[in-house]
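S.K.: If you want the building blocks of each chain, they are given just below.
2 protein chains.
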Amino acid sequence: MNAPMRPPQRTLSLPRPYLLFLGDISEKSFAKTAYGLADWAGDQCIGEFSLGEAAVTTGPPSMSPAQAVSLGAKSLVIGVANPGGIIPGAWCPALVEALDAGLHIVSGLHVSLASIPALREAASRGKRRLIDIRRPPQNIPVGSGRKRSGKRLLTVGTDCALGKKYTALALQRAFAARGVPADFRATGQTGIMIAGSGIPMDAVVSDFESGAAEMLSPDAADDHWDVIEGQGSLFNPSYAAVSLGLLHGSQPDVFVVCHDPTRKNILGLEGFKVPSIEEVIDLTIRLGSLTNADIRCGGVSLNSSSFGAEEAQKLFAEEAERLGLPVGDPMRGGESFEALVENCFR
Amino acid sequence: MNAPMRPPQRTLSLPRPYLLFLGDISEKSFAKTAYGLADWAGDQCIGEFSLGEAAVTTGPPSMSPAQAVSLGAKSLVIGVANPGGIIPGAWCPALVEALDAGLHIVSGLHVSLASIPALREAASRGKRRLIDIRRPPQNIPVGSGRKRSGKRLLTVGTDCALGKKYTALALQRAFAARGVPADFRATGQTGIMIAGSGIPMDAVVSDFESGAAEMLSPDAADDHWDVIEGQGSLFNPSYAAVSLGLLHGSQPDVFVVCHDPTRKNILGLEGFKVPSIEEVIDLTIRLGSLTNADIRCGGVSLNSSSFGAEEAQKLFAEEAERLGLPVGDPMRGGESFEALVENCFR
Chain A
1 MNAPMRPPQR TLSLPRPYLL FLGDISEKSF AKTAYGLADW AGDQCIGEFS
51 LGEAAVTTGP PSMSPAQAVS LGAKSLVIGV ANPGGIIPGA WCPALVEALD
101 AGLHIVSGLH VSLASIPALR EAASRGKRRL IDIRRPPQNI PVGSGRKRSG
151 KRLLTVGTDC ALGKKYTALA LQRAFAARGV PADFRATGQT GIMIAGSGIP
201 MDAVVSDFES GAAEMLSPDA ADDHWDVIEG QGSLFNPSYA AVSLGLLHGS
251 QPDVFVVCHD PTRKNILGLE GFKVPSIEEV IDLTIRLGSL TNADIRCGGV
301 SLNSSSFGAE EAQKLFAEEA ERLGLPVGDP MRGGESFEAL VENCFR
Chain B
1 MNAPMRPPQR TLSLPRPYLL FLGDISEKSF AKTAYGLADW AGDQCIGEFS
51 LGEAAVTTGP PSMSPAQAVS LGAKSLVIGV ANPGGIIPGA WCPALVEALD
101 AGLHIVSGLH VSLASIPALR EAASRGKRRL IDIRRPPQNI PVGSGRKRSG
151 KRLLTVGTDC ALGKKYTALA LQRAFAARGV PADFRATGQT GIMIAGSGIP
201 MDAVVSDFES GAAEMLSPDA ADDHWDVIEG QGSLFNPSYA AVSLGLLHGS
251 QPDVFVVCHD PTRKNILGLE GFKVPSIEEV IDLTIRLGSL TNADIRCGGV
301 SLNSSSFGAE EAQKLFAEEA ERLGLPVGDP MRGGESFEAL VENCFR
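If you're matching them up, the sequences are chains A and B in order.
The first sequence begins at 1 in my numbering and counts up one residue at a time.
The second sequence begins at 1 in my numbering and counts up one residue at a time.
To be clear, the hints were calculated from the coordinates, so they are not data collected in a lab.
It is possible that some hints are incorrect.
Intra- or inter-copy, both count: the list cannot distinguish identical chains.
Claimed, not checked - 30 Å max Cα-Cα, derived BS3-like pairs, lysine-lysine:
1) LYS273 / LYS147
2) LYS28 / LYS74
3) LYS273 / LYS74
4) LYS28 / LYS314
5) LYS264 / LYS314
6) LYS147 / LYS74
7) LYS314 / LYS147
8) LYS32 / LYS147
9) LYS264 / LYS147
10) LYS28 / LYS127
11) LYS127 / LYS314
12) LYS147 / LYS127
13) LYS314 / LYS74
14) LYS273 / LYS127
15) LYS74 / LYS264
16) LYS28 / LYS264
17) LYS273 / LYS32
18) LYS264 / LYS32
19) LYS28 / LYS147
A quick note: this is a predicted structure, and the numbers were derived from the prediction, not measured.
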């Protein structure tokens, strides 16, 4: 009764192209988001904006917010993270300058942009948006289980943080290169910035988790593929709820297992072993078949960054033989990865 | 930086005993919460408070808020639901009267109590709390998977809404009657009102779902049982994420499968069949063994309300024979239910 009626909101949608904000950081590792954007959405990055003599650059030309606006930029994206996910006071004048120049601000940091009075005032003054990517859209429905038209691929993992986003991006690009119509569907912060839209699946209330995944990849043409970024792992006792809701709502036709052969234990959790690829395939098919009886494994994406070129090829061949599935590394590309791509949309 | 530091909040905790508020409803079916409270927390219900000539009563004496306060009541609980989960304007003067008399207000309705100005003002005037049970506590940690001391039982279901709360309450009561130390752990709104504490698991953000379940049943004495109210079903495409997070975080030693033999399809979802009891046992053991390798099924709680007494006994015996597990109905009690209880804490 007292809740105001809101228009139905779909996924988050970000005004693009971007100006990348690098703050005053001097360590590359804090600029992961900006590097991801430069790599995967380079055509959407008009320029870079740093404070003082920033030691880090991701490639695009350095410019002021006003210059970026004159070149068509719509949003400033905070492409760096400080420990704690905060916005240091020293960044505020630059962010206010960006708002006053006419840019919206996009942030994936823990702190809410609107909680900073100077930003709130400047945004209100210029009617600009403060977009926190960690906040999921309103009005997410409960999942219905209804089968949608079009094809879907989901990347799943033997654990967190071993290449699910990267693999999904590479597969979508490879599909498109072969003339297969495909969209990348983002489920995490960096992915959302790259795609310009998406839903932060880990921030959705549990009751609506599969409903959010259903909303993320709506009905589409029969030959169209949504390539969906996976989250967490069914074998991770912290995050399996996110993974299961995403699996049920995505109702994938095909999934690709992402694995890092050097990782033995679940990240950050003592006493939990990384499952075998076979266990992940088996459980994903069992649980995924609830909403798509035809679910199948398209192959395996191995993170082979700790191996030499020859060693990696040997590993792919051995694993492919053992599993009876194509195995490759999107970072290396080549024949093994081509075979994986072909086996997904066959 | 800008987020205020909050003291660590544990589960929701409700000031008791209660005055039950029945509003102006005339249909019993809208008073489900009040009936549940009268049945399962009768010793915490000082009295009933209705508007005008309410046609519904749940048992305790009718009285005003001031009388209830003089008898020791601490909170008024809204024990009725209107379609839409709203608070009609006609209820407001009565609720303000309760606040002014010194009672806190507890609500499980969809609308937030604090969104109603008259209630907000009265609460602030008398320093009373407006407690919305749908809001989970702050500062829920991410699940760690760490094994906790004490024993745990979780009720799971072949679907939603077929007796998981009732079964958990009955098992906790039966444990206590046998001198087995046990607490009921509530995960839904009515359960939380009955227990006086708990966490609304369906309202927790997915990333923290297993962490919330870990918080709900903390370390305990080795011979102590937490009997945890289940939510949803692993086979329900809308709510399986809630069920899996609750299973992983509860790390149950024993689970009891709740089933309604007359239900053929998942509630409200076309095309989804209710799974067999065996399927639920098998999948619960497979997924639950991630955080407790010793998980086992204690037996089956059948909702036999559509059967005659003799027919029900025959059904229990047949199912027990088929499954090799005790099968009973807590609503009927008797030997079959006793056998189920004994097999849980053996």
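S.K.: Look at each hint and say if it fits the structure.
M.R.: Evaluated hints:
1. LYS273 / LYS147: between (34 Å within a copy, 15 Å between copies)
2. LYS28 / LYS74: Classified as within; 25 Å inside a copy, 56 Å across copies.
3. LYS273 / LYS74: Intra 45 Å, inter 49 Å, cutoff 30 Å: neither.
4. LYS28 / LYS314: neither (32 Å within a copy, 70 Å between copies)
5. LYS264 / LYS314: The answer is within: 20 Å in one copy meets 30 Å, while 51 Å across copies does not.
6. LYS147 / LYS74: neither (36 Å within a copy, 49 Å between copies)
7. LYS314 / LYS147: neither (40 Å within a copy, 40 Å between copies)
8. LYS32 / LYS147: Classified as neither: same-chain Cα gap 36 Å, cross-chain 34 Å, threshold 30 Å.
9. LYS264 / LYS147: between (37 Å within a copy, 20 Å between copies)
10. LYS28 / LYS127: Answer is neither; intra-copy 33 Å and inter-copy 51 Å both fail.
11. LYS127 / LYS314: neither (57 Å within a copy, 71 Å between copies)
12. LYS147 / LYS127: neither (40 Å within a copy, 51 Å between copies)
13. LYS314 / LYS74: For LYS314 and LYS74, neither the intra-copy (47 Å) nor the inter-copy (71 Å) Cα distance is at most 30 Å.
14. LYS273 / LYS127: neither (50 Å within a copy, 51 Å between copies)
15. LYS74 / LYS264: Neither. Shortest intra-copy (44 Å) and inter-copy (53 Å) distances fail the 30 Å Cα cut-off.
16. LYS28 / LYS264: within (27 Å within a copy, 57 Å between copies)
17. LYS273 / LYS32: Answer is within; shortest intra-copy Cα gap is 27 Å, inter-copy 45 Å.
18. LYS264 / LYS32: Within one copy only: 24 Å inside, 50 Å across.
19. LYS28 / LYS147: neither (43 Å within a copy, 38 Å between copies)
The structure shown violates the earlier hints numbered 3, 4, 6, 7, 8, 10, 11, 12, 13, 14, 15 and 19.
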